[in-house]
Amino acid sequence: MIEAEEFETVVDTTRPHRLQQLVMLALIALLILLPLWVYPVLLMKLMCFALFASAFNLLLGYGGLLSFGHAAFFGGSAYVTAHALKVWEVNPEFAILAGVAAALVLGLIMGLLAVRRQGIYFAMITLALAQMFYFFCLQAPFTHGEDGIQGFSRGRLFGLIDLADSNVLYYVIAVVFVASIFAIRRIVYSPYGMVLQAIRENEQRAVSLGYSVQRYKLGAFVMSAGFAGLAGGLKAILFQFATLTDVNWHMSGEVILMTLLGGIGSIAGPIVGAGLVVTLQNYFATTGFPVTTALGATFIVCVLLFRRGIVGELRHRFAARSKQ
Amino acid sequence: MNDTCVTTREARGSQQLKVRGLEAWYGESQALYGVDLDVYPGETVTLLGRNGVGKTTTLRSLMGIVRKRTGTVEFDQQSILRLPLHRVARTGIGFVPEERGIFASLNVEENLMLPPLVARNGKEMSLEEIYTLFPNLLERRYSPGTKLSGGEQQMLAIARILRTGVSLILLDEPTEGLAPVIVNRIGEMLKALKAHGLSVLLVEQNFRFAARIADHFYVMDQGEMIDSFAVAELPGRREALNKALGV
Amino acid sequence: MTMIFGVPLVVLTGQVMIGLINGSFYALLSLGLAVIFGLLRVVNFAHGAFYMFGAFVAWMLGQYLGLGYWGSLLIAPVIVGLAGALVERTMLRRLYDLDHLYGLLFTFGLALLLEGAFQHFYGASGKPFSTPVEMRGVVRTDFATVPVYRGWVVVASLLICFGTWALIEKTKIGSYLRAATEDSILVQAFGVNVPLLLTLTYAFGCGLAGIAGVLAAPIFQVSPTMGSNMIIIIFAVVVVGGMGSILGAIATGYLLGLVEGLTKVFYPEAANIAIFVIMAIVLLLRPAGLFGKEN
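Chains as they are written, first to last, in this note's numbering: chain W, 206 to 529; chain Z, 366 to 612; chain G, -8 to 286.
Because the hints were derived from the structure by calculation, they are not lab data. Treat the hints with caution; some may be incorrect.
Claimed, not checked - Partial chain W-side listing against chain G, Cβ under 8 Å, derived:
| no. | residue |
| --- | --- |
| 1 | Val310 |
| 2 | Ile330 |
| 3 | Phe340 |
| 4 | Leu465 |
| 5 | Thr498 |
| 6 | Phe504 |
What the hints assert, rightly or not - Here are the simulated BS3-like cross-link-like pairs (lysine-lysine), alpha carbons at most 30 Å apart as the crow flies:
| no. | chain 1 | residue 1 | chain 2 | residue 2 |
| --- | --- | --- | --- | --- |
| 7 | W | Lys250 | W | Lys291 |
| 8 | Z | Lys488 | G | Lys255 |
| 9 | G | Lys163 | Z | Lys488 |
| 10 | G | Lys163 | Z | Lys512 |
| 11 | Z | Lys608 | Z | Lys556 |
| 12 | Z | Lys512 | Z | Lys488 |
| 13 | Z | Lys488 | Z | Lys383 |
| 14 | G | Lys255 | G | Lys118 |
| 15 | Z | Lys559 | Z | Lys488 |
| 16 | Z | Lys383 | Z | Lys608 |
| 17 | Z | Lys556 | Z | Lys512 |
| 18 | G | Lys161 | Z | Lys512 |
Said to hold, decoys possible - Cβ pair distances, simulated, as ranges:
| no. | chain 1 | residue 1 | chain 2 | residue 2 | range |
| --- | --- | --- | --- | --- | --- |
| 19 | W | Ala345 | G | Phe112 | 29 to 37 Å |
| 20 | G | Phe134 | W | Gln344 | 30 to 38 Å |
| 21 | W | Leu510 | Z | Arg452 | 26 to 34 Å |
| 22 | G | Phe134 | W | Ile314 | 53 to 61 Å |
| 23 | W | Asp352 | G | Leu149 | 40 to 48 Å |
| 24 | W | Tyr416 | G | Phe134 | 52 to 60 Å |
| 25 | G | Leu275 | Z | Ser491 | 33 to 41 Å |
| 26 | W | Arg410 | Z | Gln442 | 26 to 34 Å |
For every residue, glycine included, the Cβ atom is placed at its ideal position computed from N, Cα and C.
Using the sequences plus the hints, can you model the full thing?
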């Protein structure tokens, strides 16, 4: 079993703790004020990847399913969003909806195939299917091959709010981000989420209790794909391009690393992990040290030395101390 | 009578296997509590007890398959508790697991030849000797090991340990699920081992079977050793034993 | 000119040949993956990286030591195997008691690390690797034109696959491997040094990938990304064939190579994804794979 943070799922069901509520309010306040000190584009990028990792974690951390193909949803949605803005010239909210819809459909197709096998096979199947999608994007005319889709404007949200101003876009993305994290949290603590975690803990038992395990897994897969698509669509709007990079298997690997590094199976873990990985990438890009090698090394260290991830490790220490 | 038995046991020399205060854990849960046990050279010792009291765990802990252990385990005056698993067999201990451990992807002869020789001390049996002793194994030498009947598989499991030249065999419930005729044959086999000078530590539920071949008995309950007596003391122990074994 | 299904025979046989070549690499690589997985229960994501590493070692041996193709074919796989042994001894073995996904994640990290490093030091573009002089010719017959080197690759991979099969099924050490695949603890309790067996098996599997890399070098050039492109296809092959059987892995490798080659004749646009499509179909019809024994 992948080491997820199990106690969180047992202790707290639906209502957030008073302290947790305070922490959340503080974090939201921080989110509002941060652009005063930090370059908003970087913050937006962080939020996109944090949402992507949270979507991935919904599947791995709570469903126990390791997908090696999440780039397909992220990048696929980015393409559709960009195409909708550039060619169909719709409002950004519809462009993103189109992107998410594409990710959901893709998630449904890939999920239907992948949930037929378990464990490592699931991982290999998702990887292979995502690669197939990559080849499709490489050859399909609307993605413009190596050039990608670029040269479109962000448009006006609801036809009113001009997103060209990065400070405006920042708050739009922040709202979507916070709402999505809360939605994911809601799913995790819902009865559906509980069954999903029960399946992760012991699939046989869940089967014998009469749960349609494959349907639960498929549900988690599709939802995870949808949120990953949302992240991809936001990213396409933010950077005003969509390229093959986002559908490449490296991207699937990066989102795994973000989740693993931050901590599998906690709400905060993937957010922290995404922040770290993006920062690491930015840092190594300036040093000339190969970024891929740095990511690979981080992976190895993470798997060998702290499988709980940063958030998981902190919690573990905290829990151990409060027990004494 | 008691005294004579003790002297006969010690007349065999010093303990071949000496276990003191053995404790063992499966993960966090403790399974053995301070087990003491001796096997003298050439002796057949039977471990009795109800299901789940730690008999199999004792064998697996001695062998080193259960790794989380404390206490003393000496074999031929050498401590074997900290040895890596594959080094334990090479000190001269063979293991026949409860589920027999016949490999499906190996044929009968490959199963026989699998365990490496641990000693050339005259105790090891050659393939020819084994085939003379078990002609039906010869007949089916090229069929997959698991295609044999339960009794044949048990013989194969014991025979392959005999080939290695070990001086102590740990045998876990060799008669389980076998027909009476086969049980008798296995009894004969164990007597032949004894004549050969091998020591046997046997876990057995079939008390009547054990009574026919054992020299010494240990009784376990809830992970502890609660009794120890020689075969000669058996008649006087029947009642207490029936109570302990719940028969 | 002879035509079959509206395709010139020479074109058809040419594609069959390409299919056989690709199939040779698929077979060699999925074989190694299956051997490793059988005993270690680790899906070796780094298998593609070791394939790439094998090709690079051969290139470096030629470049810096002036070693020829045949010398490299012998030495490079040994070096790759030693690298595999080192990885297993120092890191991989800590993960055996954990969920299998950690082995996959670890080897994925290793693959990234290797690919990134080679890309950094040798650039993203391919290094040319010349075909050995003795094998530069072409064999022409009425119905096919076969470059000698490609013919050699097919023969060599068949020999290696058969040799590996014989090693596992017919030798003493193979019986240790088969038995330990079923119950490694019991085999170790019998006195077999199973930790060493695990190291040897991983090294052997990586060595096989290394051989494939050297064989591939004159055909595909030597590039840092050759491994990651390959491993994803190999995963699809493995999903189709299942990892339970050595012969199954070999057969599936050749079969899918051929299908891919033929797709190029009849529907070139889909050649890249033919194997993935077959994987999807197999998943729908026989979820456990063609030779599947999955627990």
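29 to 37 Å was suggested as the range; check whether the CB atoms of alanine 345/W and phenylalanine 112/G agree with it. For alanine 345/W and phenylalanine 112/G the Cβ distance comes to about 34 Å; the hint holds.
Is it true that the C-beta distance of leucine 275/G to serine 491/Z lies inside 33 to 41 Å, as the hint says? Given range 33 to 41 Å: violated, Cβ gap about 55 Å.
Range hint 26 to 34 Å: satisfied by the CB atoms of arginine 410/W and glutamine 442/Z? violated (49 Å)
Does lysine 255/G lie within 30 Å of lysine 488/Z when you go C-alpha to C-alpha? violated (66 Å)
Would you mind confirming whether the straight-line C-alpha gap from lysine 488/Z to lysine 383/Z stays at or under 30 Å? Holds, at roughly 21 Å.
Holds or violated: lysine 163/G to lysine 488/Z, with C-alpha atoms at most 30 Å apart: holds (23 Å)
Hint validity - phenylalanine 504/W Cβ closer than 8 Å to any chain G Cβ: Since chain G brings a Cβ to about 3 Å from phenylalanine 504/W, closer than 8 Å, the hint holds.
Lysine 163/G and lysine 512/Z were given as a pair; does the straight-line alpha-carbon distance stay at or below 30 Å? Given pair lysine 163/G, lysine 512/Z holds - Cα atoms ~21 Å apart, limit 30 Å.
30 Å Cα cutoff - pair lysine 559/Z, lysine 488/Z: Between lysine 559/Z and lysine 488/Z the Cα gap is close to 11 Å, so the pair holds against 30 Å.
Run the distance test for lysine 512/Z versus lysine 488/Z: straight-line Cα separation, threshold 30 Å. Answer holds: lysine 512/Z to lysine 488/Z is near 29 Å, not above 30 Å.
Starting from the hint 26 to 34 Å, judge whether the C-beta atoms of leucine 510/W and arginine 452/Z obey it. The hint (26 to 34 Å, Cβ to Cβ) holds, given that leucine 510/W and arginine 452/Z are roughly 29 Å apart.
What's the verdict on lysine 383/Z and lysine 608/Z, does the C-alpha distance respect the 30 Å limit or exceed it? holds (28 Å)
Violated hints, in rising order: 1, 8, 22, 25 and 26; the structure is consistent with all others.
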